[in-house]
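Protein chains: 2
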Amino acid sequence: MKTAKSASLRDVAKRSKVSVSTVSRVINKTGNIDPETLRRVQKAIKALDYKPNRVAQRLRLPSGQRKLIGLLVPDIQNPFYVDVVKGVEALAHEKGYAVFMGSFGQEEDKEAMYLDLMLSESVDGLIVAPSNEKQNKIVELVKNEFPLVCVDRSLSVIDSDVVLVNNVQAAFDAVEHLVQRGHKRIAYIGGLPTISTTVERNEGYVRALTKHGIEIDKELIRFGDSKHESGKMLAGELLDLPKPPTALFTGNSLITLGALETIHTRRMRIPEDIAIVGFDDMPWSISLNPPLTAVSQPGYEIGKRATEMLLHRIVDPQRKPVRVSLNAELIIRKST
Amino acid sequence: MKTAKSASLRDVAKRSKVSVSTVSRVINKTGNIDPETLRRVQKAIKALDYKPNRVAQRLRLPSGQRKLIGLLVPDIQNPFYVDVVKGVEALAHEKGYAVFMGSFGQEEDKEAMYLDLMLSESVDGLIVAPSNEKQNKIVELVKNEFPLVCVDRSLSVIDSDVVLVNNVQAAFDAVEHLVQRGHKRIAYIGGLPTISTTVERNEGYVRALTKHGIEIDKELIRFGDSKHESGKMLAGELLDLPKPPTALFTGNSLITLGALETIHTRRMRIPEDIAIVGFDDMPWSISLNPPLTAVSQPGYEIGKRATEMLLHRIVDPQRKPVRVSLNAELIIRKST
DNA sequence: ATGAAAGCGCTAACAG
DNA sequence: CTGTTAGCGCTTTCAT
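So the protein sequences, as listed, match chains A and B. Okay, so the first sequence: first residue is 1 according to this note's numbering, each after it adds one. Okay, so the second sequence: first residue is 1001 according to this note's numbering, each after it adds one.
A portion of the hints provided could be inaccurate.
[Claimed, not checked] Straight-line C-alpha distance at most 27 Å; calculated DSSO-like pairs for lysine-lysine: (1) B/K1067 / A/K110; (2) A/K14 / A/K29; (3) A/K134 / B/K1086; (4) A/K86 / B/K1134; (5) A/K43 / B/K1067; (6) A/K137 / B/K1067; (7) A/K334 / B/K1051; (8) A/K137 / B/K1046; (9) B/K1320 / A/K5; (10) A/K134 / B/K1051; (11) B/K1095 / A/K5; (12) A/K137 / B/K1051.
In short, the hints are calculated from the structure, not lab data. Computed from a predicted structure; not experimentally measured.
Work out the full structure: start from the sequences and follow the hints.
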């Protein structure tokens, strides 16, 4: 049995003795059709198991009606982003959109590559967590009124739709909680310093310390690349300091895990020897040793809201940019 | 500034005063072109920032040359599959293929929906972790010699390319390790009973107990839906038994996490009160309370091999099906 | 209510 | 070495 090509509009038309336009009309429920014709066509569609070819459809349709959106996330390894992805897919599918996803692993060229790929796939719009202000492509797109909404991170050089979390406040809460536990030497392990979230969380960290009259020690602020390895390494550096910190504030869940790994390797006790509060709560936070105090972000909700906004913008590309800020919440467990 | 449509072949042709075919030739490096013409065309391409439209390309090109593959995984929430995804993407991109991914969350209709979507997107081939033998679509595809390789799970009704792990042996090792630690009442919490991995791991469990003369107690074997919630619930049921197990063998990382959650909620000690070994090792296994003994699967490698096989099959759709079995390894830590 | 035909952007004969 | 043209499968005027 050879690979049978799937039926086309023409096949259906032929079989039901009508023109392709008529078949197209019944598929898309556009225009009136004679009940008898309708029946015949539907029968043929069923008989041939006809499915519209989305590639041809997309080539023909104007932008905004192609029912495809692109989703670009920094790292699918990071569970926060998989929550976002799930939120996006949920709403997109509900509205009849397919989602083309790409994960660029914080690499700029891969991000650019995916951007080109999706544009070249004629998506109706894009949801992106931009890695870098230098990523001019994204800025260019929003300048040109291409439907695009940012998630998790915002653009600084231009206004765009964006949905994110109150990072400064959440970081502030986390760090203040640490000082209330009596800590004075608190370290911050951030992700890539070019990313807005890294900066904002740093800001919250600084404000909390400042409010409580604790001097900022630059030694205690470290940036990496938002991944497991860098969390592991940076935690090691910090712990090796002549005057090591007594508490850690980690910038995302991968970093937290890395830090935890070095802490456990050194057989230090949490929170007696070193306390830790992480950004991003995870399904396994509660099963960690000890259960982790963490900032919980509503990833799924973020994905849904972003999709909602994107669909609005696709309909009306000129509307004023909207900024949505959701709340992140500190969940206190046993690691502090 | 209005959304400028991106340049087409014709635009480039016009600007460089040649025909579209010539431009196409320089893009695809097919056929000879005069050096002078070449220069002009390349200049125009750069000037217009021309990027081929993949949609049009795909519509035109025959199957097997469209440089797009589909990837269908059960649950992107499960880190094992994100490793697989990364493996697939790595090799695919290296070979110039784009990947269209879908996660169907173990729901059959969503799986079918994605399958249709990808076919309708004219992919050159498919990598799938089939959820269900009843999923006739997949069987039909391989019957029709559509390039398709299974990962993680295999089809029983028909031979196909597949790359998976020696589940029976790995489960056997895990359970035998438990009996060597002195356990007699060992429970197995599996995922969806329709999935081949669930069955095979069950098989390994039974063999290990049998070898050591331990009677199989049906009470101690439970199936769920492969997700966090069901692991949590099933562990609870098991622990509520009049004669509860002293050790748990959990079928995937989500189930493990769920089980861990109920164990911790009940303030039981691991491994004193209850031992646990999980299928799938995770980045955070080492940071759990206590560090988890687990079976480690080479997800990334699985993804790479699957892609490799798919590309072969795309070239030669009739070649004999290949079955690759990789090794999973038991990593002994402190939870047993 | 239906059909004929143009065209989305591209590739590959075919002809020169 | 280069141009002309057909056609991938579909939607949408424009006729009728």
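With the threshold set at 27 Å, check whether the alpha-carbon distance from A/K137 to B/K1051 stays at or below it.
14 Å, holds
For the pair we were handed, B/K1067 and A/K110, check the Cα-Cα distance against 27 Å.
The given pair, whose Cα atoms are some 17 Å apart, holds under the 27 Å limit.
Pair hint A/K86 and B/K1134, alpha-carbon separation not exceeding 27 Å:
26 Å, holds
Given the hint that A/K134 pairs with B/K1086, does the C-alpha gap stay at or below 27 Å?
26 Å, holds
Regarding the pair A/K137 and B/K1046, is the alpha-carbon distance no greater than 27 Å?
16 Å, holds
Given pair status - B/K1051, A/K334, alpha carbons within 27 Å:
53 Å, violated
Is A/K43 close enough to B/K1067, meaning Cα to Cα at most 27 Å?
Violated. A/K43 to B/K1067 sits at ~34 Å, over the 27 Å cutoff.
For the pair we were handed, A/K14 and A/K29, check the Cα-Cα distance against 27 Å.
19 Å, holds
A/K134 and B/K1051: Cα distance at most 27 Å?
21 Å, holds
What's the verdict on B/K1095 and A/K5, does the C-alpha distance respect the 27 Å limit or exceed it?
25 Å, holds
Are B/K1320 and A/K5 close enough, with their CA atoms no more than 27 Å apart?
Satisfied, since the Cα-Cα distance of roughly 22 Å is no more than 27 Å.
Given hint B/K1067 paired with A/K137 - CA-CA distance at most 27 Å
24 Å, holds
When the structure is compared with the earlier hints, violations turn up for hints 5 and 7 and for no others.
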